[in-house]
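The two chains are supplied separately, each in an independent frame; assemble them into the complex guided by the hints.
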Amino acid sequence: MKIKLNIWKQSNAKSKGKFERFELDGVDEEMSFLEMLDALNEKLIGENKEPVAFEHDCREGICGSCGLYINGHPHGTGSEIGTCQLHMREFKDGDTITVEPWRAQSFPVLKDLIVDRNAFDKIMAAGGFVSVDAGQAPDANANLVNKNKADKAFDAASCIGCGACVAACKNSSAMLFVAAKASQLSLLPQGKVEAKRRALNMVAKMDELGFGSCTNTGACEIECPKGISIEYIGQLNREYLSASFSEAE
Amino acid sequence: MSKLDAKIPEGPLSDKWTKYKASMKLVSPNNRKKLDIIVVGTGIAGAPAAASLAEMGYNVKVFCFQDSARRAHSVAAQGGINASRNNKNDGDSVYRLFYDMIKGGDYRAREANVYRVAEVSSDIIDQLTAQGVPFAREYGGTLANRTFGGVQVSRTFYAQGQTGQQVLLGAYSALKRQVAKGKIQMLSRQQMLELVLVDGKAKGIVTRNLVSGDIESHAAHAVVLASGGYGTIYYLSTLAVNSNGSAAWQAYKKGAFFGNPSFVQIHPTSIPVLNDYQAKLTLMSESLRNDGRIWVPKSKDDKRLPNEIPDEERDYYLERRYPAFGNLVPRDVAARAAKERCDNGFGVGKTGLAVYLDFRDAVKKQGVKAIQGKYGNLFDLYQKITGDSPYETPMMIYPAGHYTMGGLWVDYNLMTTIPGLFAIGEANFSDHGANRLGASSLMQGAGDGYFILPYTISNYLADEITTPLPSTDIPEFQEAVENAKMRLQKFLDIKGTKSITSFHKRLGKIMWDYVGMSRNEEGLKKAIELIDQLQKEFWVDVRVPGKLDEINQELEKASRVADFFELAKLMAIDALNRKESCGAHFREESQTEGGEAQRIDKDYSYVSAWEYKGNDKDPVLHKETLTFDNIEVKVRSYK
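Chains as they are written, first to last, in our numbering: chain G, 214 to 462; chain A, 45 to 683.
Looking at chain A on its own, in the form it has when it is part of the complex (with noise of 0.2 Å):
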């Protein structure tokens, strides 16, 4: 019998979050002060969450491995935060936003807790913009906006190409004013390595300070993961190189389920490998597809440079295969439709694993400063990396894994399926079903952190106010804390021949092929294999030069890898159980005549959350069956 209850309140969808905050247990300011909360990530999540429960009164402790909080990778997005505003008068709700992103998302996510988001996005707007962050501005003064892929109106909120930062920043400042008043304690350069529970509740972590190498325990009344998604697990992607799936990872194998862990965002237009050293793929904004043509020759072989290559020579192939949206089809749709091509040989550049996307047409047709004003600083980006204009040459551009939906399963107050362990922003799998629409990350992280969060937190907490902050001289944290050591003190102890880079650039490579863009039963049943192999080899071959009680970055990569491993199989169990294709998800064997994904929503309509048994046993799978009552479930076309 499943354990799920994702504890959604009865009632109209319109009414239930309105409703529900209504009749929620309260914790007084005096008892706010005699409890404490981990929170464990920076970004955009945690770090609302972290200034928003201190500024409630609340003690907050808050983690992070990089040396400052303003550093999490949601520094790092560039187009924009939705929210339905209206400010454009084109007919946006809370309701439009609301159906856009199920219908993006494939009709696999949550409508209660997506409904949510959408009724808190323009309260993110009203905060972001009081803690000072320089939102674009119009003439007169008031917000602008721009168009994002996948809608028909204008609903996101920019600051130029670096909108992650300043939102981030606006948070991180919020943060800092809650250190000052001493009820944030900040920790940089902490990696969580072991969650704590007390009688089945979550009550602290183990840390590694990652400058004296201390194994550290805090204990607190509730732990929050903010800790982000975990596409670096196919070592080459568009976050930074050191953001991990650890911190889940961790909380998964002391109970808590982990939801759609297959659920992969491959973003179209990323730089392409340029050599065997690439650390890491800089993503080129969607928006550059409103006026770059992406095209490969038609005949395979073809060596010419790409401007010596006549238009009769070029197959325009998104244009030719979706007339109607061109080169504007959704993500997951024009990332698969460059993999055909580089597949079957039409790839360019060195690699073959390259298309152009090339501006010639909309240079000569508007101008070298209209297209400036529009993407100069994306151009500048990638003439710093490649050496190329892309005034004057096409852009290369593939596809690179960019952002998880899946994550852990969290019920409708954003928690786990542990008591007192909550999972908010990328790190959950709630929003965005099977695909998430651009620009709505910002949105939910900053949304559960500053606006959701601190309610469904203190509903649980109201609750503990009588039960003392465990010591953590109690068994829990000092079997937690002997657990880590080892497991550091082994990585040390194997003294093999290969790098930790090389075990995860290998893994990378085995995710990419087969639990990557396009999944098929025999692919994913090898990946299952090759990943066993692999992880066997990493367990008697891995060399991590170092210590333990020093700065060790070696050490810091391998539980990072060696949680990869046990997460990879998991999400090839989670792809080869779920056969049919929906969003990101692509199963060769379900697809249309056209070669576009088919859901089977009589089979599939349902979140898979996983439960951990043990190391060699199976994981066990848990429904959550996703009922569609104020939208009509249809097939994403876009011929």
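Isolated chain G (complex conformation) (with noise of 0.2 Å):
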């Protein structure tokens, strides 16, 4: 196959950056995409060109690591993956790609397509956590556990922290992201203790780190890679009203 691409270039955090168009022949539809953007860039080192920066680890999903916009989607168009596991069966000859960093407030521009989501870190730092030290730790069969809720605990923790939630959002609202986590904790009873200084103090650090408010659209569900849902950003909201109204302990 032979693809166009039009890539979003910038030298760094602070310099103006723009659209510059590829072109790249020889594409196997067996290929990722990130093996794709692989060999445009072996292309271009051998045209003594600079390649593309981009974010990649793992390359199978779970790192979160990679997150590119795609034709104005999040990890593009598929269902339930990460970039490195979009492969290019989905496109067809001639096709033109538009690739893309995540574009938002919170998580600037470093070069090209990497951004820095930091904020995601800070998020974590002002709660995303049991206050318990090495050697403090009970029995771990000492707190029974519900399975529905273990669960359920489960699948909220199994976010990649990629940050599609919040290029997906009109508004980059890292609620999606912050319900998960919080949720993830609070519905297991070791997490539960703290449950609602953590929900007061992750959505404070939220907001002051500029990301946008939830309007409840839900574009968040649909284009994350693990299809993790609003459901959550429910269980959130009823946690941080109580907490407000309740002196967080």
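Hints may contain errors.
Computed spacing ranges between beta-carbons, pair by pair [what the hints assert, rightly or not]:
hint	chain 1	residue 1	chain 2	residue 2	range
1	G	Ser455	A	Val412	36 to 46 Å
2	G	Pro402	A	Gly639	51 to 61 Å
3	A	Val412	G	Asp364	18 to 28 Å
4	G	Lys215	A	Arg190	27 to 37 Å
5	A	Lys678	G	Asp364	41 to 51 Å
6	G	Arg302	A	Met68	40 to 50 Å
7	A	Gln427	G	Asn359	51 to 61 Å
8	G	Lys215	A	Lys683	45 to 55 Å
Just so you know, these hints were derived from the structure itself, not from any lab. The C-beta atom is built at its ideal place from N, Cα and C for all residues, glycine as well.
Next up, the structure:
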């Protein structure tokens, strides 16, 4: 296949970016999207040009590094996949593919398709944990956990922190991420103790970092590579509301 | 005379750790805040170590090359984490776990270390659960277990097929909590380039800030490497593509001995190479071999679709060769058998480098629903990559480089031969001998990080409380910075014609062909020659575009690949030295009549620890003799 690419190029956080056009021949339909970009970069290096910078690591849909906005969708149009799991068999010979970085005020572009998602780490530091030191843990079977709740906590915990939810949202809200993280812990007895404090602190940090408001359009759920449900947003809202009315412990 | 002292405490095996802990030196809480520790890597060893040390009150600086600590490749571990809790009342114990690991490692691991990790395994599950890891539960609310390869008890704890991510996120959340408290300074997007020694002790590192390109100096009272394994030396492996061996390699070049560098686990069931541009190989969990049957056509060049080939024309070669264990032979045996069939021309798929893993019979017998319940997520993962549904057509699989049992040599304190430099998790060599059993890498990493290193590093630091933190202006740091800058500039100045990746691929091919699943003297000697030639070509003809002071992903790769050439040679030298077969290390010269691995205990019951002597000099071998006082050394057989 021959593919035309329209890729966002930007030297660094301070410079102005623009779209550049590339053409790539010999694209095999078995290639993953990132392998196609590898091939483009090998070609560019061969022509003594600068390769396109993009983030990637595990290439099996679990590390959450790769996040590209492809033809208007985070991770492309496939269902519940990361960019690394998108394959070129989804495209046709002669297609033009537009590739952009996540666009969100809280995720500034560092170079080309690489954005800074450090804001997620900051939200986690604000409360996405259980306060327990090594050595303080009780026996793991001391707290019995209802299987359905454990499964629900797991579904929330399957978030890979890629940021597609923010990229998909017209307001660049991080609600799905925060809700998944907070709910995972508050659904479990060991995390319930500080659930209120956690909800207040994580939401406050999210607001402080410039993420937008949630208006329940549900775009985040549709684009989430792990299919995390917006039900968790409801759960976080309830927790947040109840915490706001009671004094956080 | 060898300088190796493993510092194994005296006394019976089961008392060693308890007694040693009681006798170790401590650092008082008041003094801990005066001591700085650097941790390189944030996987399932580094994140727990950093969090635990910060909880104790030390000042910790943590480095990772990813944008976030949460992305370290431990995240990709699928199956589970072992612990000897005997929750199934099936006869498990600390000793059983110890026994399984020593035997699984083909009697090439150190008894005292393995026993200790088995001892702390239960505490790990408590700790992770307390941190909010959503382990699978039974309907009664207790933790669930499953069985893994090579053992007869059910001791694996899991979170669906995502145990690695869940366990890592538990440790990561603990790390973030300490970041918020100001006890951890988290430096992400940093690549370690040099280890700095002051008066012979590890006192800091030099890194490149991967965003600004700045070369930075960081000082500490001790340095912990938790930088993982070097399986990406094969280019194609199950590892994340940016995983690398550079931190450990730089430590080796500063005097830390490298243990058993040639011991690499080749995982038998990975999705095979599909095209020339492929950047990695995705693992399909070992558990699939419970119901899948592995086969190739009986006749060469059989171009029919797999479902068109009748049973009598299929060769279920594992069932044929190993009637007792069949498709459930250990990883090393299954991997070698697949290679043997493909090398002899019976392989399938476009490249002929694949075998079938067929669920036809299991689906027929148990129904689609039952199979979906067991393997649904893995089948989906396979279909996302290949476009084929394993419910309808057999999977194609092939072995891939996976886990490095080798790593920096450490003593019982997890300290390398450089005072003040510790190595934990996959970065060290210590617990898996010549072959690792499934679900024990998360256990070892977390055990080192949560419950072993915090004690042993304190024992070391107790003598450092009066030593001030060195200034990064001293010549030792300045020199390391200059070296790092010169090396990076050299890459940029070569301005050759070939990309880093093209060299990495060629190196990977040499390693896979000659220092992979099956090794022989002639091949290993040839590998050393070929690596030498390729390395020379690299240094005159590589093209690294861009500049130093910007995000430059090619430059990041350049130093990793440059280090890999050197490590590759050491792996070949080590494999050449060890003329026996053991675990994953298969020397064709040392096999039984039936083609199985043959250990030579009288000559090779030791750990190879290699000492760097300079770029143009041969490394020197030191031997740590292994003694087995608590276990009978036997032959592994699966017939």
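Q: Provide an ascending list of the numbers of those earlier hints which the structure does not satisfy.
A: 4, 6 and 7
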